[in-house]
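**Q** Note that the protein sequences, when read in sequence, are chains A and B. Sequential numbering from 363 applies to the first sequence in the working numbering. Sequential numbering from 363 applies to the second sequence in the working numbering.
Errors might be hidden in some of the hints.
In this list, chains with the same sequence are indistinguishable; a pair is considered to hold if it fits within one copy or across any two.
What the hints assert, rightly or not - 35 Å max Cα-Cα, derived DSBU-like pairs, lysine-lysine:
{"#": "1", "residue 1": "K638", "residue 2": "K768"}
{"#": "2", "residue 1": "K535", "residue 2": "K816"}
{"#": "3", "residue 1": "K583", "residue 2": "K573"}
{"#": "4", "residue 1": "K447", "residue 2": "K366"}
Simulated from the structure, these hints should not be mistaken for laboratory data. A quick note: this is a predicted structure, and the numbers were derived from the prediction, not measured.
2 protein chains.
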Amino acid sequence: MANKPSIPKGTRDFVPEQSSKRQFIFDTARSVFQSFGYQPIETPAMENLETLLGKYGDEGDRLIFKILNNGDYLSKVDDEKLRQKDSNALVKELSDRALRYDLTVPFARFVVQNQNELSFPFKRYQIQPVWRADRPQKGRYREFYQCDVDVIGSDSLLNETELLCIIDQVFSKLGLDDISIRINNRKILSGIAEASGLSAYFQQMTVAIDKLDKIGVDGVKEEMIRNGLPEAGVKKALNLINLTGDAEGVLNMLAGAMTGVEEAFRGIDEVRTVLKSLPESTREKVKIDLTLARGLNYYTGAIIEVGHSEFPSSICGGGRYDDLTGMFGLSDMSGIGISLGADRIYDLMEAKNLFPSNLDAGTQVMFVNFGQAEALKSFELASEVRASTMSAEVYPDSAKMKKQMKYANDKGISFVCMIGAEELASGTVAVKSMGTGEQENISMDALSNFLKEKLK
Amino acid sequence: MANKPSIPKGTRDFVPEQSSKRQFIFDTARSVFQSFGYQPIETPAMENLETLLGKYGDEGDRLIFKILNNGDYLSKVDDEKLRQKDSNALVKELSDRALRYDLTVPFARFVVQNQNELSFPFKRYQIQPVWRADRPQKGRYREFYQCDVDVIGSDSLLNETELLCIIDQVFSKLGLDDISIRINNRKILSGIAEASGLSAYFQQMTVAIDKLDKIGVDGVKEEMIRNGLPEAGVKKALNLINLTGDAEGVLNMLAGAMTGVEEAFRGIDEVRTVLKSLPESTREKVKIDLTLARGLNYYTGAIIEVGHSEFPSSICGGGRYDDLTGMFGLSDMSGIGISLGADRIYDLMEAKNLFPSNLDAGTQVMFVNFGQAEALKSFELASEVRASTMSAEVYPDSAKMKKQMKYANDKGISFVCMIGAEELASGTVAVKSMGTGEQENISMDALSNFLKEKLK
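Bound-form chain A, shown alone (with noise of 0.2 Å):
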């Protein structure tokens, strides 16, 4: 094989460092959502085709990766089909099971399948990753981690602030404090489209609005009429969706202009709900943006978006549901979840260089090799220093010492340990700090003890 191995557009390898620094991530997002009482829940990377299609729209199950059955794939399927080469007819003839597109409907389907063993409200998170067909892109992936956070089976709207509080602690730990976390209601929403006279449009004025920031009000103006959708309506939308201000005095006009909308009432009472139950450190990044809209029409309540402002795209969103098991027979199951987005949120921290530097230090302590019995002796210490807590290991081969030293720094290894031949016969070790390029001799003995006091 003489061509070069690569993998698969859109796909991606972690070296170390970068998947150390995942890794950060994830344990960092865990420990928060720990801390709030959610527990871990892992569904397989296959589902059922039929479990996953029809959930996302034509477009989404267009990019649904489907599994080419195994065996004799073709034996039973039509001849006629066949000949005809309807791609798209044939796709669940071809394929019994698909990669997941998402962490929702997976775990809309493990609550009903597996609700016998769970205790509500269930508060999961999940973090796996997930298969899109899109066209790959900067900062767009063909396979990408989500991290999922829900509570199902409240519909109080305690749960909206607990995840407002677990979004900003998240952000904090993870360094980024200057997040901005805005939210909006869906009832709000379809308050303003009942206001309008807009209520029979409602799916496609939030599908427009959801474009906002890519298309701006004028194209998001122009793709509702073109849609069918009364002038002065959209207008009078646009007009209430722009509203802007402080949150109590959003809420203020937006009440002023909603009289006698029943709908609007309710979800600005929540609105207010969750922002008065708030601590005051979080409510400071919580703005109230009408114009969000996320498309996705399982949404019923509160709708969540995470920015920041050096930063295109959002890093996290999310919002309240009233019936997502009902696709799979479990109906009055009301929840709330959010989607952390780990890539985005990587490439948001390298780019204001925030992971702890120590993070890809692959050892603590490196024990040059000068042959086979130092090299034992060297192998018996670096035991040692492991049971002491830290991380230590010996260079395998006794090559040239130039060697050894490039691969302890490249490594970013902290000490590099000598036992020669003489350190062998006077019981000692010659310790290199690779940081200041000090070295000292110190007795085998007492290594363990010197080198974690240093690295303290």
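Given the coordinates of chain A, assemble chain B onto it according to the supplied hints.
**A** Then chain B, alone, in the frame of chain A:
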């Protein structure tokens, strides 16, 4: 959708208890790997189909899950081929990508592709799922995790020693002190083949010997003779691999029978060197087993397998390879690696009741919800408890007491805090230990310290 949802055969959901236990195994292994200087990498779930095909034999090729190309995947397929419905011949036309089948081939591909970014010897670990379209049965899944540790770019036997120490430490930390580690060496097997006049049949010989556990000595003998191996040679080889006793005894007997067979002596020397360099506590667990062959033909030196007397299957295995990356065009990269079977280790630990009891404890502290004002105060106190590094949650709804207590019980919560109207007025909390049933009244100010002390 009326049908109860399901997942594909051979795949699994993991509820929180299972997921936490799995995480415990991974975290334990990870901490040992890192203490020896191994670093994490990740590779994509999907590889190019051509990267995987031909690496696992014909049977392996069939068991690889292929991904159906997206878009109009039939448009370029030859009409005549379609008409013949030759499923095998069409795989490469319908599918460019496949799910990884193990972590070894992706690792070799990774090393070649990223060689300029890595420091050699490169010590990596990788914990990721793999997929195989095997017939599902007890303990055998279509999606399962592998946990691989390799060092590549060094032929020093110190790596063998190190990996045996890693095996010992990982299993000790998991509570599995009573494992047995069996080792052998491909050079010894090659010497046995030579001494028995079977050199020309070496691959068939190792594949047959690999089945010894399943089909017995007679079965192995039959298979070799059926495959055309000369009977006298087969008998001689089987006598040699059946040598048993302590390590030094076996090696001495073997040496006596191998006069003039240099390859065998190279293998014997390697085994001796490795055994000598092991700490005694590890050496006690290591046995020489000349019947250990491992059918994979990329092994060239040490072979390792770990078992447990109460468990039929191997829970870890590996060996040295001299040319793993050769298949992707990079030669002269000797390495050695082991793979831990996370699912089997899980089953074994479950059977022996070895998981720490507090792993799936959802939360340490729960606040009962008595209504809005009480819940808001509870939410505030829960934040304080969390700030003192405990996990805490407020039950989101003011449901019946019985329901809330059942939730706390199901979730293994240690302390339940109750703030009703009275406590709210007096600034106190009623704290109940779920373990002892004891209940005390504490001032709100003292709550965090009180709980912290109790939870020590």
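**Q** Taking the hints in turn, state whether each one holds.
**A** Verification of the supplied hints:
1. K638 - K768: between (57 Å within a copy, 30 Å between copies)
2. K535 - K816: both (27 Å within a copy, 27 Å between copies)
3. K583 - K573: Close inside one copy (11 Å), not across copies (71 Å); limit 35 Å.
4. K447 - K366: both (34 Å within a copy, 33 Å between copies)
Of the numbered hints stated above, none is contradicted by the structure.
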